[in-house]
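Undergrad: I would like the entire structure built from these sequences, with the hints used as guidance.
Sequence lines, in order, name chains A, B and C. To convert, count from 1 in the first sequence and add 18; that's my numbering. Heads up: the second sequence at position 272 corresponds to 252 in my numbering, and the numbers run straight through without jumps. To convert, count from 1 in the third sequence and add 1; that's my numbering.
Incorrect hints may appear among the rest.
Said to hold, decoys possible - What follows is a list of derived Cβ distance ranges for each label pair:
#1 C:A214 - B:N190: 34 to 40 Å
#2 B:D42 - C:D217: 33 to 39 Å
#3 B:G150 - C:W135: 15 to 21 Å
#4 C:D218 - B:A233: 57 to 63 Å
#5 B:N190 - C:K206: 26 to 32 Å
Everything labelled a hint here was simulated from the structure, so no lab data went into it. Glycine included, every Cβ here is placed at the ideal spot set by N, Cα and C.
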Amino acid sequence: MENKRIKISGFGGQGIILSAHIVGQAASIYDGKNASMTQAYGPEARGGACSSQVVISDTEVDYPLVDTSDVLLALSQEGYDKFVGSLRDGGILCYDNDLVGVLQDHSRFDARAIPATRIAEELGKKIVANIVMLGFATRQAGFASYDAMKRTVLERVPPKFRDLNETAFERGYNYGEEVQT
Amino acid sequence: MQNEICCESPIIAGTAEPETNIQHPMEGLLRMDRMPHIWCSGCGLGSVVTAFVEGLKKAGSDFDKVAVVSGIGCTGRVAGYINLDSFHTTHGRAIPFATGLKMANNDMTTVVISGDGDLFAIGGNHLIHAARRNVDINVICVNNFIYGMTGGQTAPTTPLQARSSTAPYGNYEQPFNLVGLAAAAGASYVARWSAMHVRRLADSIAVAANKKGFCFIEVISPCPTVFARKNMGGTGLDLLKSFGERTVIDHDADPTKIPIGMNDEIVCGNFINEDRPTYWENVQTGIRDAVDKENVYWKNL
Amino acid sequence: MFKKSKLRGEFFMQGDIACAEGAVSAGCRFFGGYPITPASEIAERMAYRLPLLNGAFVQFEDEIASMASILGASWTGVKSMTASSGPGISLKAENIGLGMMMEVPCVIVNVQRGGPSTGLPTSWAQADMMQARWGSHGDYGCIALCPKNPQEMFDLTIVAFNYAERYRMPVFVMTDAIVGHMTEKVVVPPVDEIEIIDRRYTDKKPDDYLPYAVGDDLIPDFAKVGDGYRFHSTGLTHDERGYPDMTEHAQLTHAVRIVEKVKKHADDIILLEEKGVEGADVVVVAYGITARTVVPAIEMARKKGIKVGLMRLITAWPFPTKRIRKLAGEIAGFVVPEINLGQMVYEVERCAGGQCKVKSLPHPGGGIHKFETVLSAIEEIAHAK
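TA: Structure (structure tokens):
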């Protein structure tokens, strides 16, 4: 792996920035790679379109922005619409198929769906949908190791929500296992 | 405009000691190597400096622990003549400069001495916010109703219809009532005197020196060179006399209801003297709980 | 009363936060600030950290006050900082001049965004480089550092404090919204491995102390308030005693000295990083984020057989005049990409003095240089040889 460019998109309040932070921290601090995370947001504090991006590399990251992505995680229709065009040929799309209903042609790349928000609701907290998605994407896109990702998730969330987030991560990861096999 | 003749203060305050060797009563607290000063004959600033030094003496202040910060203008030059740690800063910015100094070294008694234009026009926002925060600094505002050093332009204190270089047909603007503004913004101590009232002014300065919180003292001061010349005429002494005649001392007056006009009464007094938590005290209270949970500081990383 | 909360180890840390942590590690204990995108995270971090370290954070009513406050704080001997973005720096300019005139050590961080005026609040530029140099009126020397990543936001903020203390003046950290809002691994070394320079205090007694008397290094010794020196300092041109002296003579000594002291120590201050510059035909001169984003194009040019080097300005000011002038006599030309419409390129042109080509690669901000643009500029200069 020379460079992996990951784009995460959704709306404000879904933990889009935190998700990228977890990916970057897992890759750079625990997997020993170089990772550079940047963010873009509108002036709205909540609810606006939101995206974050991480570049993971074995060497120093010179170019930190993600113009074309290798991996796109889409947690909203708007985020999907905005960024699916810049997913490279042969890239991987992970999307929440309850939130992204209007689909474009997926033949250029590999598309994998998960009802992340519905799974999160089943677990009792809609807010962990991003962690379900991260678990799923860890298995599907392989940008960081399972151990590093799980460790970072547990570090990044408040102590009393650790169990919930651990379950969310594993549900997402295992959902991926089911899809793969 | 700047008369280099050293003026004698019309009123010499201070108690007369039995003289053994002749020395200026303020020797040691004035930078004698900078005399003569630049102020005009008949200006009230000499009296204010006298009152300030007397006030510090009355307060029993440790002179090594007093810092004076001034802005720009005639009054802005006060810092340069007082033999303490002293700063002559930019126009209007004496209060934030002093706030930084005080917050970084809480042991310093920090006094801002500046003019009405400096503190209430270009620096007005800093004044009301420092009062709101109740920063533990003292502000002595010398109000001569005009911009003196720059040649007599309209100030935010210039009475309605008074003449100035920029109001040749009389001032069209309502002036600020300085004590009212300071009180409304939350000052812990508010007083007004004139350069006539050197002893009372020194007493107020002494109270402020030992009082916590934001203290504001307005001093009405004669500007014979531009304000009097453009308006009623007369010397500094004539102006002082008229201040004396117009003064009504009323400590119970509501400071928001005592604006100063061209010729009507000037209500003086110690209007407000309240204790409320200072900015520094609130900081200490606020962080005490957080300090016990030291691991919280990882959260934002 | 308070335990010291020290950070140490490896963190996935945002650039703005790394800047604040660098300041804390350098010993900064006063921060005066005002909210502004994209620099607010620095203030937020300082608001969080300083009270726990017996320091003080004050959010002021405006940018002017926050700049004035750090000067007041620094006079007490406490290391002080403020942070903002272009619109805020415009407001601070007045008191930056006071800091230069009074020679007050402090650090000013500019997380640059697109301008002029309100411009691009949430996006980036490098268009305040000349503002840093000339932003306040009158003449004064200037030191400005340009971090390229969060690690350097930490490291160079410490260097900025060291320079501020050593040369007794405000020092700029000139970063931008990409680096400020970028998160990468930051290694925070143990405290005893961080080089800290503190200001030089006078060893004279109060009666013998002249606040602005200097020796060969042109830097006056410091006395702080409260120590009985009872000194005076003013924004007016002044003499050795700190007293106003509005004469040509005083201007010739004091005003000239605050320019000359930076020139005199320029070789010690200037930090450059050169990659492949020796023997190159083309040298790309870049700083901050641009020194990273042009690397893929430089690598491609090398693959195509072009001898191209990268000179990264870690300090933009003082400008490395001698080095650029020497290189200009040896190479075909410079390419100067920057996220503004041409600022530092004028310095490169000045130093090149017509000895070689100088090609400006401007970008107005909100985006970064395209790979093809940089590559074709390198090729153009190489082929014109």
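Undergrad: Could you run down the list of hints and mark each one as holding or not?
TA: A quick look at each hint next to the structure:
{"no.": "1", "hint": "C:A214 - B:N190: 34 to 40 Å", "verdict": "36 Å, holds"}
{"no.": "2", "hint": "B:D42 - C:D217: 33 to 39 Å", "verdict": "37 Å, holds"}
{"no.": "3", "hint": "B:G150 - C:W135: 15 to 21 Å", "verdict": "42 Å, violated"}
{"no.": "4", "hint": "C:D218 - B:A233: 57 to 63 Å", "verdict": "58 Å, holds"}
{"no.": "5", "hint": "B:N190 - C:K206: 26 to 32 Å", "verdict": "29 Å, holds"}
Of the numbered hints stated above, the single one contradicted by the structure is hint 3.
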